[in-house]
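Number of protein chains: 4
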Amino acid sequence: MIVVVKKKSTDNEVRNLIKWIEAQSVRVDIFDGVHKTVLGLNGDTSHMDIDAVISFDIVDSVKRIQEPYKLANRNFHPGDTVVDINGVLLGGGNFQIIAGPCSVESKEQMSLVASTVKKLGAGLLRGGAFKPRTSPYSFQGLEGEGIKYLLEARAQSDMPIVTELMSMEDIKHFEHVDVIQVGARNMQNFSMLKELGKLNKPVLLKRGLANTLDELLMSAEYIMAGGNKNVILCERGIRTFETATRNTLDISAVPILKRRSHLPVIVDPSHASGMSELVESLSLAAVAAGADGIMVEVHNDPRKALCDGAQSLGFEQFERFMKNVAKLRQIIPGIYES
Amino acid sequence: MIVVVKKKSTDNEVRNLIKWIEAQSVRVDIFDGVHKTVLGLNGDTSHMDIDAVISFDIVDSVKRIQEPYKLANRNFHPGDTVVDINGVLLGGGNFQIIAGPCSVESKEQMSLVASTVKKLGAGLLRGGAFKPRTSPYSFQGLEGEGIKYLLEARAQSDMPIVTELMSMEDIKHFEHVDVIQVGARNMQNFSMLKELGKLNKPVLLKRGLANTLDELLMSAEYIMAGGNKNVILCERGIRTFETATRNTLDISAVPILKRRSHLPVIVDPSHASGMSELVESLSLAAVAAGADGIMVEVHNDPRKALCDGAQSLGFEQFERFMKNVAKLRQIIPGIYES
Amino acid sequence: MIVVVKKKSTDNEVRNLIKWIEAQSVRVDIFDGVHKTVLGLNGDTSHMDIDAVISFDIVDSVKRIQEPYKLANRNFHPGDTVVDINGVLLGGGNFQIIAGPCSVESKEQMSLVASTVKKLGAGLLRGGAFKPRTSPYSFQGLEGEGIKYLLEARAQSDMPIVTELMSMEDIKHFEHVDVIQVGARNMQNFSMLKELGKLNKPVLLKRGLANTLDELLMSAEYIMAGGNKNVILCERGIRTFETATRNTLDISAVPILKRRSHLPVIVDPSHASGMSELVESLSLAAVAAGADGIMVEVHNDPRKALCDGAQSLGFEQFERFMKNVAKLRQIIPGIYES
Amino acid sequence: MIVVVKKKSTDNEVRNLIKWIEAQSVRVDIFDGVHKTVLGLNGDTSHMDIDAVISFDIVDSVKRIQEPYKLANRNFHPGDTVVDINGVLLGGGNFQIIAGPCSVESKEQMSLVASTVKKLGAGLLRGGAFKPRTSPYSFQGLEGEGIKYLLEARAQSDMPIVTELMSMEDIKHFEHVDVIQVGARNMQNFSMLKELGKLNKPVLLKRGLANTLDELLMSAEYIMAGGNKNVILCERGIRTFETATRNTLDISAVPILKRRSHLPVIVDPSHASGMSELVESLSLAAVAAGADGIMVEVHNDPRKALCDGAQSLGFEQFERFMKNVAKLRQIIPGIYES
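Residue numbers (the numbering used here), protein chains in the order written: chain H, 7 to 344; chain X, 7 to 344; chain P, 7 to 344; chain L, 7 to 344.
Bear in mind the hints are in silico, worked out from the structure with no lab data behind them.
Being a predicted model, the structure only gives us computed values, none of them experimental.
Errors might be hidden in some of the hints.
Note that the list lumps identical chains together, so a pair holds whenever it fits in one copy or between two copies.
Derived pair list, reagent style DSS-like, types lysine-lysine, alpha-carbon separation capped at 27 Å [said to hold, decoys possible]: (1) K178 to K235; (2) K207 to K310; (3) K235 to K204; (4) K207 to K124; (5) K200 to K329.
All chains should be built: construct the whole structure from the sequences, respecting the hints.
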């Protein structure tokens with residue numbers, strides 16, 4: 007961390023600031039220029055509170071050199087993390103398709119979707135039981151009942167399941183869920199992240215609609231700091247001024263996250279675009295950019311989906327999608343390993 | 007709601023769509039144009055799920071005419087809501103200053119700040135005990151202990167208190183808190199909003215960093231739909247590309263929210279700007295735009311604040327601030343009532 | 007276009023509005039609902055001024071059904087436009103790499119870069135002679151001298167050249183330039199777009215930093231309305247809150263633009279990311295998403311580039327890049343044609 | 007400027023970098039830390055190209071301490087600039103209202119609007135003759151004819167006029183125009199800014215839709231670097247995700263620009279909001295925040311305006327507006343001077 011001190015500061019004020027910094031086990035080098043004094047902080051500054059430094063009256067500005075995340079940081083953990091989801095591996099060269107409906111609607115639906123997507127090559131099953139809806143008057147999901155249907159489909163198809171948790175008060179339903187999803191709107195629900203850090207279960211963490219990649223990594227750090235190292239990062243589109251798509255898929259998130267972190271990175275083209283017609287081309291782009299997996303909405307009858315039908319693939323579309331993703335995967339790992 | 011149907015649709019498909027809509031107690035008028043069919047929905051469509059309508063294959067696009075919020079909507083409740091906070095009134099011409107430190111730091115600090123801001127004219131006391139911090143390594147607040155100090159300052163100064171709740175699991179500490187604050191990052195924590203709807207306690211709801219005003223009103227609707235009508239809306243700055251300020255105060259939020267809703271609207275210039283030097287001019291702007299109150303950070307020693315010291319006013323600055331706000335308040339209500 | 011009329015309007019006011027609309031050769035169908043009147047406009051409304059309609063006191067809101075662009079619209083011109091750049095074809099299955107330095111620096115540099123990128127497979131040569139720089143104190147380009155070096159490299163290498171025009175006052179230098187580039191900051195320089203519409207020379211139109219895809223298509227429409235149909239659309243990243251990359255590549259722009267328009271769509275990963283390390287993975291993503299070409303910065307010595315060296319590929323990186331793009335191109339067209 | 011050098015750099019590489027920097031008349035202080043080397047640059051770095059510094063392979067990152075603008079910078083010119091517009095003063099305590107229609111429509115209209123707004127207290131007359139329109143099919147303004155009507159209204163009313171220039175090719179019409187307006191879309195039309203720097207005529211420079219305040223000041227610097235010191239800065243709303251208003255008025259721009267620069271700062275609430283009902287409350291906010299003037303759209307018959315009627319005040323609304331602005335102005339300067 008580099009701290010620039012205002013030029014009018016007294017020696018005494020600067021000494022006090024240095025004393026305060028050194029009390030946090032960080033060594034300070036002083037650099038006296040003509041117009042200003044610059045302090046160089048050496049040591050682990052990831053635990054330092056940048057706001058606290060700025061709040062000193064004599065501090066002009068602060069520049070972080072070291073990233074504020076440590077456990078999620080590839081610099082400290084060069085090898086790829088491989089998340090083992092009850093036998094299904096994700097990350098470090100293990101690519102997975104996570105498929106299923108936006109909302110769990112019935113036992114029969116889940117059974118049908120699960121067997122179909124499994125047959126076509128998906129590795130994990132998704133489905134929403136607790137649904138974050140902007141309006142209190144919209145369908146809120148089948149909740150506990152929905153989890154039950156998911157678990158039945160899991161037993162039948164032998165695919166691990168991914169489903170969203172919206173509140174720790176519902177955690178009782180998640181005992182047999184394989185991967186807990188944290189939705190975009192909860193990416194900075196720090197209380198929940200702390201609790202998830204205490205579990206021994208993979209967490210799929212979605213990027214918030216207006217959050218930076220470093221903020222996403224800080225949220226991963228919250229979970230990891232609690233002891234849970236099995237975090238999967240998910241780019242699902244950010245809010246921009248573009249109106250042609252529901253959100254804007256930030257494809258650069260894939261190579262950036264993979265450079266900065268060792269955690270697996272997947273892409274959700276269904277929420278990113280909000281349009282089923284775009285799902286395939288965005289998925290191919292994500293594969294080409296080096297993603298470790300794709301999470302995609304598939305519905306037995308998209309026209310009748312209780313939510314987000316406009317972005318769901320039907321079975322035929324999903325079959326074509328799987329074929330083309332597979333074609334691309336044949337050459338992509340070779341490109342990135344060379 | 008206006009539903010535009012694709013021109014290639016069959017009569018049968020259109021009939022099915024209309025049947026589905028009418029099943030929701032909404033009357034449908036059909037308008038057949040040369041190039042398209044338009045359906046006009048009459049009745050209360052606020053409970054209708056716009057995504058479900060779009061998911062019909064034959065639907066080209068949908069346009070809401072009626073706002074999707076009802077309880078928060080001024081059209082249905084023309085008179086201003088006045089929130090009674092244990093005797094301190096907010097809204098409907100009742101203007102309040104809410105002042106106090108970003109974080110509760112100690113018993114002595116809260117006592118000193120409370121007596122000082124009360125003497126200078128503040129109506130409510132604020133202070134954070136549970137703190138949402140981007141980094142797990144930053145100071146997270148005094149938590150339950152902080153609430154205790156707040157309640158002691160409340161008893162001593164006889165000012166109602168406002169403090170943030172980050173998780174329903176902490177609600178046990180909030181029994182004697184007067185106003186529960188929902189932070190920007192929890193604006194769409196729908197599970198929490200639902201729970202707060204069951205309480206009989208005012209909720210101060212902050213706008214999310216990248217949320218629209220209609221999304222803020224939908225979140226208020228969540229609380230109100232549960233039965234709790236005492237919601238205070240708070241504009242606290244949105245994320246934009248500007249870097250000179252921490253966030254961008256959306257001053258238009260004040261007149262827009264007051265037009266669309268009957269709920270009181272306050273402004274938080276401290277978080278909006280992140281700079282104590284801007285707090286006064288932004289507050290004067292907020293008063294001039296018609297805000298019902300200002301929530302401002304005041305600290306006994308801003309240089310030593312444990313968080314956000316850079317945006318806190320010292321006591322002298324706060325005294326000047328109160329004098330100038332009062333000067334403006336002498337003429338503003340007259341302008342808006344004329 | 008659908009026009010929703012306020013319910014309190016008088017019959018006379020509605021009649022006047024209809025008369026005004028019909029005077030623009032558009033037929034109006036009236037739909038009287040219980041709460042409102044809706045007007046359906048039939049005919050070519052692309053020339054109608056939506057602001058003028060809204061300015062009627064009795065108009066509640068307006069919804070466009072037809073896109074406001076016509077010449078750029080795929081609905082009216084289903085076949086792909088193929089731009090013939092003095093023998094080099096772009097669009098309609100013809101894929102091209104446009105390569106060269108950010109700035110033209112010297113005759114020798116351009117000669118070296120041109121022969122190298124040609125040998126490695128590039129189809130067009132790029133290089134900036136007139137440079138848009140945020141600061142008046144930054145290097146502004148070699149201007150006319152730079153164009154001369156470009157033309158010499160063109161003669162030597164027999165590659166068509168692409169270079170940016172910043173003002174019509176400089177057009178005299180562009181007589182022998184093959185493709186005129188309009189930079190992101192000039193995307194809505196409508197005076198310039200009109201002038202370019204009168205020329206008989208391809209225009210490469212870059213998307214503005216905060217513009218929507220429909221705004222980009224409207225700017226293409228400006229050029230085409232003047233008679234010049236050879237417009238190439240270029241996605242070069244938009245401004246978002248993300249700071250890890252200079253801009254955010256909107257990869258969805260590729261499939262969306264190709265759906266909405268028949269014009270060729272290329273991607274500039276160098277400006278989108280600002281980082282040479284990201285150029286290859288973003289280019290692969292663009293190819294996978296269906297782009298018709300890539301415009302990439304290549305420099306003989308990126309460390310010494312006079313501008314934007316951080317985002318330029320060196321020759322070795324470019325060689326690898328070309329090899330991998332070619333590998334992907336072997337399978338991609340097959341996927342999109344199937 | 008602080009330059010952070012990567013730790014793996016050789017002494018020779020660092021020496022070369024320092025030599026390159028010192029060749030630009032800037033002194034370099036070296037600070038060797040354990041993990042990195044930091045260079046502190048002393049002297050005038052406003053002319054240094056930050057991109058060129060970053061392009062050195064060994065540079066990790068760069069942090070500006072000094073603002074890159076100098077002529078527009080209050081640090082170097084502490085006193086307020088007062089722009090003398092043919093006798094009407096703006097800035098330094100001189101507050102002005104600039105009023106008139108969005109578009110010049112006819113001689114009679116301009117005569118009527120000019121005499122009315124003058125009588126009600128406006129200091130300058132505005133009106134668009136060259137209109138930037140998103141669609142080539144929208145009304146583009148009366149152009150030269152419009153300027154003629156403006157000049158006639160100027161002669162009749164003895165008010166200086168402000169009107170927009172869209173291209174230097176039209177400058178011949180602007181000989182007798184008092185203030186040249188640069189629209190938001192041309193804020194970074196650097197070629198035009200350079201030409202305007204050579205004129206001896208005040209320039210009203212509007213902030214771009216997605217530009218930062220420092221970018222606005224850099225554009226002012228372009229004009230001033232050419233010799234023209236009479237620049238008026240105008241905040242007119244930025245693009246955000248909010249849809250309730252056309253743009254979002256960034257009210258903080260007023261105090262920030264006035265801190266960073268000595269140039270006058272005005273606000274355009276008509277374009278910022280796009281709604282006539284919001285113009286008064288946003289103008290009061292701007293006055294309260296310390297603006298030097300307001301530019302407001304006034305039309306003799308807003309319902310029939312050829313563009314942007316929805317945001318124009320009628321004469322009665324404008325009369326009320328002027329009365330309330332005056333009421334606020336009676337107390338505001340006193341607050342800011344105290």
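List of violated hint numbers, smallest to largest: The structure conflicts with hints 2 and 5, although it agrees with all the remaining ones.
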